[in-house]
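Q: Spelled out from the first residue to the last, the chains are:
2 protein chains.
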Amino acid sequence: MTRRDFINRTSAGYAGLSAWGLLRAAPAAAFSLPANGTDTHGNGRRVVILGAGLAGMATAYELGKLGYDCTLLEARNRSGGRVWTIRGGTSETELGGTPQTSQFAPGNYFNAGAARIPHHHQLTLQYCRELGVPLEIFNGSNEAAYLYNHQPASGLTAAAGGGATQPAAVSPLANRRMRIKEYHNDMRGYTTELLAKALDQGQLDQNLTKEDVEKLVDFLKNEGDLNTAHLYKGTNRRGYKTQPGAGPTPGEVVDPYGLTDLLRSGFMQPVFYNVGDYIYEQQTTLMQPVGGMDAIPKAFEARLAGKIQFNARVTELRKTEKGVRVVYQKGGKPAEMEAEFCVCTLPLPVLKNIESDISGTVKRAADFVPYIKTGKIGLQFKRRFWEEDDGIYGGISRTNMDINQIWYPSYGFMKPTGVLIGYYNFYGRAEAVGALPVAERQQLALAQGKQIHPQYATEFENAFSLAWHRIPHSEGGWAMYDDATRRKQYPALLEPDGPIYFAGEHTTYLTAWMAGALTSARRAVEAIHKRVG
Amino acid sequence: MTRRDFINRTSAGYAGLSAWGLLRAAPAAAFSLPANGTDTHGNGRRVVILGAGLAGMATAYELGKLGYDCTLLEARNRSGGRVWTIRGGTSETELGGTPQTSQFAPGNYFNAGAARIPHHHQLTLQYCRELGVPLEIFNGSNEAAYLYNHQPASGLTAAAGGGATQPAAVSPLANRRMRIKEYHNDMRGYTTELLAKALDQGQLDQNLTKEDVEKLVDFLKNEGDLNTAHLYKGTNRRGYKTQPGAGPTPGEVVDPYGLTDLLRSGFMQPVFYNVGDYIYEQQTTLMQPVGGMDAIPKAFEARLAGKIQFNARVTELRKTEKGVRVVYQKGGKPAEMEAEFCVCTLPLPVLKNIESDISGTVKRAADFVPYIKTGKIGLQFKRRFWEEDDGIYGGISRTNMDINQIWYPSYGFMKPTGVLIGYYNFYGRAEAVGALPVAERQQLALAQGKQIHPQYATEFENAFSLAWHRIPHSEGGWAMYDDATRRKQYPALLEPDGPIYFAGEHTTYLTAWMAGALTSARRAVEAIHKRVG
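Chains as they are written, first to last, in the UniProt record's numbering: chain A, 1 to 533; chain B, 1 to 533.
Calculated from the structure, these hints are not laboratory results. Note that CB positions come from ideal geometry on N, CA and C, so glycine has one too. Worth double-checking, as some hints may not be accurate.
Here are a few chain B residues that face chain A, going by a calculated C-beta distance under 10 Å [what the hints assert, rightly or not]:
id, residue
1, Arg129
2, Arg188
3, Leu195
4, Lys215
5, Asp225
6, Thr228
7, Ala229
8, Pro250
Pulled a few chain A residues facing chain B out of the computed Cβ check, cut under 10 Å [unchecked claim]:
id, residue
9, Pro99
10, Leu135
11, Gly245
12, Ala246
13, Thr284
Below are the BS3-like pairs computed for lysine-lysine, each with C-alpha atoms no more than 30 Å apart in a straight line [as the list claims (entries may be wrong)]:
id, chain 1, residue 1, chain 2, residue 2
14, A, Lys241, B, Lys530
15, A, Lys241, A, Lys65
16, B, Lys65, A, Lys415
17, B, Lys221, A, Lys221
18, B, Lys65, A, Lys221
19, B, Lys488, A, Lys530
20, A, Lys210, B, Lys65
21, A, Lys415, B, Lys415
22, B, Lys363, B, Lys382
23, B, Lys65, A, Lys488
24, A, Lys221, B, Lys307
25, B, Lys307, A, Lys233
26, B, Lys233, A, Lys241
27, A, Lys298, B, Lys415
28, B, Lys210, A, Lys233
29, B, Lys210, A, Lys488
30, A, Lys210, B, Lys221
31, A, Lys382, B, Lys65
32, A, Lys530, A, Lys65
33, B, Lys298, A, Lys415
34, A, Lys65, B, Lys415
35, B, Lys382, A, Lys65
Produce the complete structure using the sequences and hints provided.
A: See below:
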């Protein structure tokens, strides 16, 4: 293939990509539906919305703009659902649990549910803009945070007597913390060295010209910071033993870890893979509202004055000739409400326990779409040792211990005290830890966290923990679809079931994200308005 | 080598690394010098400090704590030196230039000099803590920012008629913007695919066991997001053509760019290498003071009330029997001051033009240590289109055009207007652009920036530019040592020249950084106090 052929071919290949638009999401804007003839506005048609989380409130907000008469029924005494910020005074009692009240100092908090806004979730960002919610950066990928691979000491004995197929013995890199920058740069160094070697030796039969190979090797030299012989011998990118300073102090670079040590130390486990910008939804830049994620639900709530009935737990959802009838508990007594339409945003584990006339296919979806088990603990410390001692300002440390992750706050830098998230775990770990009494959860978080931060021992003050699968009115983290449930259960949630529309993150491909709740709301509003018009 | 030998060997290899302390810089703390017998305190000894930048002010602040009587002579009408924030109303006239006054709206600014604090610059962070300067995150590595490789159209003709050794023809990936995440993930994908192939084929003669190779290939599969056949076919990490959404909208992933296209498109130029966390001093997390970098000099200045003489340009520096005599211009008239010691923090290009008794070796250093040429322009726009349209919240776009970099503000997200840094360039580019009249600099910044952001055309409001090598009392960005100047010139700056001590970033291995200025100040204070004691 000649160069000209090559250019022609690849130009054609990229022809579909416009010069500007390729990966730019359409700028999200205030929602604006096309006029529906004379019936442009809702003309006061009644809509009952189940749940005052983001999906429910965005639905009411947008339907309200169009002239619909909305009422939200919310089982809790607060709005926001799984968008929930824990501050001093926050109380909760889990299903089967004992009451907890947070003792955090004023100004300290953590986001128990939604905690970050990807820069490409234009809809969430648009609502922040429209509702005047100030944002700041959520520091997701911090090269200074730690990795900690726990290996029980017993592993040594077992492997010493075992064969080559045994699990790795306790490695020199186990049971000690390592900066993410060390791991990243060592692995990049060794892998680029290996590839440069293969390319130098002409071992790879690629459709690459000699010039291409030279350019690729140049890239690798920089990517891995290889020396002139194309070898990785460590680099200042991974840090200094003694920092450069004034006078005759050039700084001293540390030797890298060994490749086989890294390979055999358990750092090939997925918990250590999912670091940095390798996950689309977690790529920099991530944002958060100033002062806590609940600034978003509070902003919606402020625009829905008088429309939300709190402490109103729905018990029945019935279809009638004119629309729907909803029965709910209000102040210990049953109450009911009729409306032309219903938008049901209840999480499926809640919906499945409500007496209702919803169709069998929706009921099956509620029964068979699993929700993730997940938990967090906020730990308040007397001082921000992670900042003062370790230079960690936000970001996430990762470990194969039960605590899974430690999140450092991306706000209040250098304040005297601080709250970090001492665990954020999923699945079996979340189930096991969530099954413990709160005092034992705290004990576990402190004991394991101390392996990474010995300062835990002297600086701890108090804690607040939660297991989302045990939180009333949520009973799970978010919907977890696999290919089979997407195919079999998901479609039922997308169509109106008579006068009942479904919304919430579980009705989207953005499960777990606020953007899912918000886009599902717009979809429901659009569908209702189209039907009316 | 047996596994046990291996473990023993590598354990010994890491034995020097303590479990906790390895890469942790000693926590910086308030400066505290050991007592010097009865003369612990300066007892009012007079010290004249030349320059009220960070080095000079930190010297005065610390000597003041010890009881010395310090006076700072500052040529400008402000403190901070190269720590300088441009706001509405800021005026400057460059050497040989015409006056400029910034028209930025209230709340908008950019940091003309120092603009970021690495998380490992503990000393800078410690002074922020000690002086009560609130910090926020500076977003340095933004995967959503752009790369733009400019290739002139004439390249096509030349290369079409040329041989294989000619520079690349205009490539399908030239003259269009690309998200950093696309470049990162495509290059990672292709390089890990190549290495996985070499490893799969057993082509690399490494000291790796079969198990090690399996683990490494697992790592590569994740690092590059390879498919089950270990091929890179693109991934959602690089973005979506249509985003996932509500209902039947799973999102559509874009095909990756071709490896040869990337290799031949000029993306192997260093400007595109230096992206993300590949430079130690630019690794996440970076910080900035809330409201502008000059919060740091202002905090020092507030603690030095009455000690700084502004508009006091030094013209002579003399050694006397009792110490030093400094002659300076004050209100158009010469004045002079005597002191026991002098701490000279003047940049070398300024020092070399002062009549003085300093030694020949210091004079030679002042003559031969080059300073970088560098410039920035702040551009105010009517709206933050980079946020609204492109989802870019802080971070840096990079290009091989003269503008070199575009910096998006890491503050004031979602405000109606904003100031971005339209170029930040160095060396020849900075010299060429800096030589232009300010109106032409602005024209150049807009014309080139428009290639990346077409919104420049309609949203621009006003600009303020500067070339540090043309700024009076600085005359350069920072000292640029190579091995030869470190060996030949640097040592002269580290020793006292009689009663004269030198401080400033040029007396450190942290050139260009505020931490350099601050650590040099502590070094000077320590030396003077030791001599007195």
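Q: Now tell me, hint by hint, if it's right for this structure.
A: Structure-based check of each hint:
Annotation: Arg129/B was flagged as interfacial toward chain A, and the flag holds, the nearest CB pair being 5 Å apart, inside 10 Å. The interface hint given for Arg188/B is met, as the beta carbon of that residue sits about 9 Å from the closest beta carbon of chain A, less than 10 Å. The criterion of a C-beta within 10 Å of any C-beta in chain A is met by Leu195/B, whose closest approach is roughly 4 Å, and the hint holds. A least Cβ separation of about 5 Å between Lys215/B and chain A falls short of the 10 Å threshold, and the interface hint therefore holds.
The interface hint given for Asp225/B is met, as the beta carbon of that residue sits about 8 Å from the closest beta carbon of chain A, less than 10 Å. Annotation: Thr228/B was flagged as interfacial toward chain A, and the flag is violated, the nearest CB pair being 15 Å apart, outside 10 Å. Hint status for Ala229/B relative to chain A: violated, with the closest Cβ pair at about 16 Å, above 10 Å. The beta carbon of Pro250/B is positioned within 10 Å of a beta carbon in chain A (closest approach about 5 Å), and the interface hint is therefore held.
Below 10 Å, beta-carbon pairs count as interface contacts, and Pro99/A has none with chain B, the closest being about 36 Å; its hint is therefore violated. A distance limit of 10 Å between C-beta atoms decides the matter here; for Leu135/A the minimum to chain B is near 5 Å, and the interface restraint holds. Here the hint on Gly245/A is kept, as its CB sits about 5 Å from the closest CB of chain B, short of 10 Å. Interface hint at Ala246/A: satisfied, since its Cβ lies 4 Å from the closest Cβ of chain B, which is below the 10 Å cut-off.
Here the hint on Thr284/A is kept, as its CB sits about 5 Å from the closest CB of chain B, short of 10 Å. For the proposed pair Lys241/A and Lys530/B, the alpha carbon gap of about 27 Å is at most 30 Å, so the pair holds. Proximity of Lys241/A to Lys65/A is assessed by CA-CA distance (about 61 Å); at most 30 Å being required, the pair is judged violated. For the hint linking Lys65/B to Lys415/A, the alpha-carbon distance of about 24 Å falls within 30 Å, and the restraint holds.
A threshold of 30 Å between alpha carbons decides the hint, and for Lys221/B with Lys221/A the separation of about 21 Å falls inside it, so the pair holds. Taken as a hint, the Lys65/B and Lys221/A pair is broken in the structure, with Cα atoms around 49 Å apart against an allowance of 30 Å. Distance check on the hinted pair: Lys488/B and Lys530/A sit about 79 Å apart at the alpha-carbon level, beyond 30 Å; violated. Using a Cα cut-off of 30 Å, the hinted pair Lys210/A and Lys65/B is violated, with the two alpha carbons roughly 64 Å apart.
The hinted pair formed by Lys415/A and Lys415/B meets the criterion: a straight-line CA distance of about 26 Å does not exceed 30 Å. For the suggested pair Lys363/B and Lys382/B, the alpha carbons sit about 49 Å apart, so the restraint of at most 30 Å is broken. In summary, the hint linking Lys65/B to Lys488/A is not supported, as the alpha carbons are separated by about 74 Å, beyond the 30 Å threshold. Between Lys221/A and Lys307/B the CA atoms are separated by roughly 51 Å; this puts the pair beyond 30 Å, and the hint is violated.
Distance restraint check for Lys307/B and Lys233/A: the Cα-Cα separation of roughly 50 Å exceeds the 30 Å cut-off, and the hinted pair is therefore not satisfied. Between Lys233/B and Lys241/A the alpha-carbon distance is near 40 Å, which puts this suggested pair outside the 30 Å criterion. Restraint check: the Cα-Cα separation between Lys298/A and Lys415/B comes to about 20 Å, which is no more than 30 Å; the hinted pair holds. At roughly 24 Å between alpha-carbon atoms, Lys210/B and Lys233/A fall within 30 Å of each other, so this suggested pair holds.
Taking the CA atoms of Lys210/B and Lys488/A, the gap is about 42 Å. The hint is violated against a cut of 30 Å. With a C-alpha separation of about 26 Å, the suggested pairing of Lys210/A with Lys221/B holds against the 30 Å cut-off. The straight-line distance between the Cα atoms of Lys382/A and Lys65/B is roughly 28 Å, inside the 30 Å bound, and the hint therefore holds. Annotation: proposed proximity of Lys530/A to Lys65/A holds, straight-line Cα distance about 15 Å (limit 30 Å).
This hinted pair checks out: Lys298/B and Lys415/A have alpha carbons roughly 20 Å apart, not beyond 30 Å. The straight-line distance between the Cα atoms of Lys65/A and Lys415/B is roughly 24 Å, inside the 30 Å bound, and the hint therefore holds. This hinted pair checks out: Lys382/B and Lys65/A have alpha carbons roughly 28 Å apart, not beyond 30 Å.
Hints 6, 7, 9, 15, 18, 19, 20, 22, 23, 24, 25, 26 and 29, counting from the list given before, are not met by this structure.
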